[in-house]
Amino acid sequence: MKILIIEDEANLRDTITQSLEKEKYIVETAYDYISGMEKIGGYDYDCILVDIMLPNGSGLSLVKELKDMKRRDAVIIISAKDAVDDKVKGLDLGADDYLAKPFHLAELHARIKSAVRRKSHNGNNAIEWSNIKIDPEHREVFINGNSITLNRKEYDVLYYFMINPNRLINKTALAESVWGDYTDQADNLDFVYSQIKNLRKKLKDNNAEADIQSVYGIGYKMI
Amino acid sequence: MKLRYYTLRYLIIALLAVIALWASLYYVVILDEVYDNIDDGLKNSKILIIRESYANDDILNIREYGINQFKVEPLPKGPLYDFSDKFSSDFEYMEYDDDEEPVRLLKTVFNDRHGNPYKLTIRASMVEEDELLEDLMTALIALYIMLVVSIALLNHFILRKVWKSFYVMLDRLKGFKLGSGVKFEAPTSPVSEFKVLGQELEKVLQQNETVYSSQKQFIENASHELQTPLAISLNKLELLVENNNLSEEQLIEISKINDTLNRLVRLNKSLLMLSKIENRQFEEEENIDFNTLINELTEEFRDFADYKEVTVNAINVAQLNFTMNKGLAVTLVNNLLKNAIIHTKAGGSLEIITDKNRLTFLNTGETPLDKNKIFDRFFRSTLNEQSTGLGLAIVQSIASNYNLKVEYEYNQKHIFRIIFP
Numbered sequence: 001m002k003i004l005i006i007e008d009e010a011n012l013r014d015t016i017t018q019s020l021e022k023e024k025y026i027v028e029t030a031y032d033y034i035s036g037m038e039k040i041g042g043y044d045y046d047c048i049l050v051d052i053m054l055p056n057g058s059g060l061s062l063v064k065e066l067k068d069m070k071r072r073d074a075v076i077i078i079s080a081k082d083a084v085d086d087k088v089k090g091l092d093l094g095a096d097d098y099l100a101k102p103f104h105l106a107e108l109h110a111r112i113k114s115a116v117r118r119k120s121h122n123g124n125n126a127i128e129w130s131n132i133k134i135d136p137e138h139r140e141v142f143i144n145g146n147s148i149t150l151n152r153k154e155y156d157v158l159y160y161f162m163i164n165p166n167r168l169i170n171k172t173a174l175a176e177s178v179w180g181d182y183t184d185q186a187d188n189l190d191f192v193y194s195q196i197k198n199l200r201k202k203l204k205d206n207n208a209e210a211d212i213q214s215v216y217g218i219g220y221k222m223i
Numbered sequence: 224m225k226l227r228y229y230t231l232r233y234l235i236i237a238l239l240a241v242i243a244l245w246a247s248l249y250y251v252v253i254l255d256e257v258y259d260n261i262d263d264g265l266k267n268s269k270i271l272i273i274r275e276s277y278a279n280d281d282i283l284n285i286r287e288y289g290i291n292q293f294k295v296e297p298l299p300k301g302p303l304y305d306f307s308d309k310f311s312s313d314f315e316y317m318e319y320d321d322d323e324e325p326v327r328l329l330k331t332v333f334n335d336r337h338g339n340p341y342k343l344t345i346r347a348s349m350v351e352e353d354e355l356l357e358d359l360m361t362a363l364i365a366l367y368i369m370l371v372v373s374i375a376l377l378n379h380f381i382l383r384k385v386w387k388s389f390y391v392m393l394d395r396l397k398g399f400k401l402g403s404g405v406k407f408e409a410p411t412s413p414v415s416e417f418k419v420l421g422q423e424l425e426k427v428l429q430q431n432e433t434v435y436s437s438q439k440q441f442i443e444n445a446s447h448e449l450q451t452p453l454a455i456s457l458n459k460l461e462l463l464v465e466n467n468n469l470s471e472e473q474l475i476e477i478s479k480i481n482d483t484l485n486r487l488v489r490l491n492k493s494l495l496m497l498s499k500i501e502n503r504q505f506e507e508e509e510n511i512d513f514n515t516l517i518n519e520l521t522e523e524f525r526d527f528a529d530y531k532e533v534t535v536n537a538i539n540v541a542q543l544n545f546t547m548n549k550g551l552a553v554t555l556v557n558n559l560l561k562n563a564i565i566h567t568k569a570g571g572s573l574e575i576i577t578d579k580n581r582l583t584f585l586n587t588g589e590t591p592l593d594k595n596k597i598f599d600r601f602f603r604s605t606l607n608e609q610s611t612g613l614g615l616a617i618v619q620s621i622a623s624n625y626n627l628k629v630e631y632e633y634n635q636k637h638i639f640r641i642i643f644p
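Top to bottom, those sequences are chains A and B. Sequential numbering from 1 applies to the first sequence in the numbering used here. Sequential numbering from 224 applies to the second sequence in the numbering used here.
Just so you know, the hints here were simulated from the structure itself, not pulled from any lab data.
Stretches of chain A that chain B covers, calculated by requiring three or more beta carbons in the stretch to come under 8 Å of a beta carbon on chain B: (1) 10 to 19; (2) 101 to 109; (3) 165 to 172; (4) 211 to 219.
Note that the coordinates shown come from a computational prediction; the quantities given were computed from them, not determined experimentally. All residues carry an ideal CB built from backbone N, CA and C; glycine is no exception.
Generate the whole structure from the sequences, applying the supplied hints.
Structure follows, in structure tokens:
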């Protein structure tokens, strides 16, 4: 998969690149509006990450450009402005998602995968890992082909791990992604632990080969 | 007390003192003039009588006043008499009034043409002092009332006219709110003092407005600029953690840095939120159905409440609708819900009552909170270092943006109430 990052902040650009390359993505970068336009004009990408505030132009105009060219690249806006206006405008212009800085890399991965999946429409959207299979379309989970029942939040947690397998997930990243704004206090992180305990039990009871391990202090990892 | 009554009060008292003083002086002077006049008349009569007595001896035989206003009494010859005029006041019976009336008497001694001494007493009816005093008092009271009434009326109209621009200025000042975007404009006034006052007020308020908005802008920009470096630090740590060659101690240390950075992110987001609310950047409004919103949000908190063993109960008494920004409505309810659940001990309960124009959150708790401080920025009732101390400040800020009232009271339970207009 090919990803283009258009971000003027060199440090952030490098970090995102490193993280994505670890996931075996082919990453290209642009640092301003003009170089971004050149890259877009030259190649197709599976996903384009674009910052709104760029030197010599707005990321939103890039998004509009892409829409006008009827391109099928998935577009995710990453911005320091967590402004509702920008979000709405960006999505109206054809962006697939909007991620406010600062974000967790795991969250970025999840968003990229979702955006690309939604864009591709090639029938098989199922996500598989070891003997677990998730059908995001119908929010169904299968272990060894047998459907299992999870409640809404358990499903969201499992989905997050399935999209980031073998990756150390920060507990705050998980809490923010699944429970959103509703949890951001210290004792809520114990709460995340208790929720994961339930999920682990369900996976184990259904003979899942994958397990969610807790990494002390940091978070969790599905192996 | 209004300015016009205030000045009038002093005028009335001062006028009373002035008129009283003036009245007593006037009384003394008038009385003196009256006596002087009467005495002159008596002296004139004396000359006429003595001259007449030289021509006509009959006069020397008038022993009683009768129709004449004098009497003559012979004195024994021999001793040396005082020939000077002596004036005195006395009371004598008068038929006209059937009463004792004040009279002025002139007593003197004279020699007739034969050299016999006589005592001459001439009388003249005199003004009644008490009546004069009474009349004077009545006249003065009438004068006083007339003066006060006319001064009050003049005062009323003149003050109203003169101070008109001042009152207009006061009204505008009352309606002025810093950061509301409405500029204070002083009314035009013909009075130069008010003109200067108006100009100075405009200047001071304009300066305040500038300072206020630049301060708000600064907070917003600062929080904004912090986002990118925070993002870089957090992401770098994330990458670092993914290196599998770190020891457990190192991981724990990184985790602590991570938590601290996350706290900074939350703090920053809350500050950004606060300044955005104060800068009125949440413009879009829609009609919010609070009953539905509360049901949805309580559902979102269900897992967390269950985990904390807090029973949450949403009670709909009546339908509550209000037009405001959706995001702010969610934040408002969210912060109060979160606050209540976090601070309720296991086994406790939280009730959210939605009524026609009020939203009440009741949660169990043992000690009342300081109601003067809980809505302050960075005030924390607990030692929870993960709390930003901004949640309720945001609630307060949203509420004042829409003229809602936020109240807290303690009555066995913590009661947070939002009253809609």
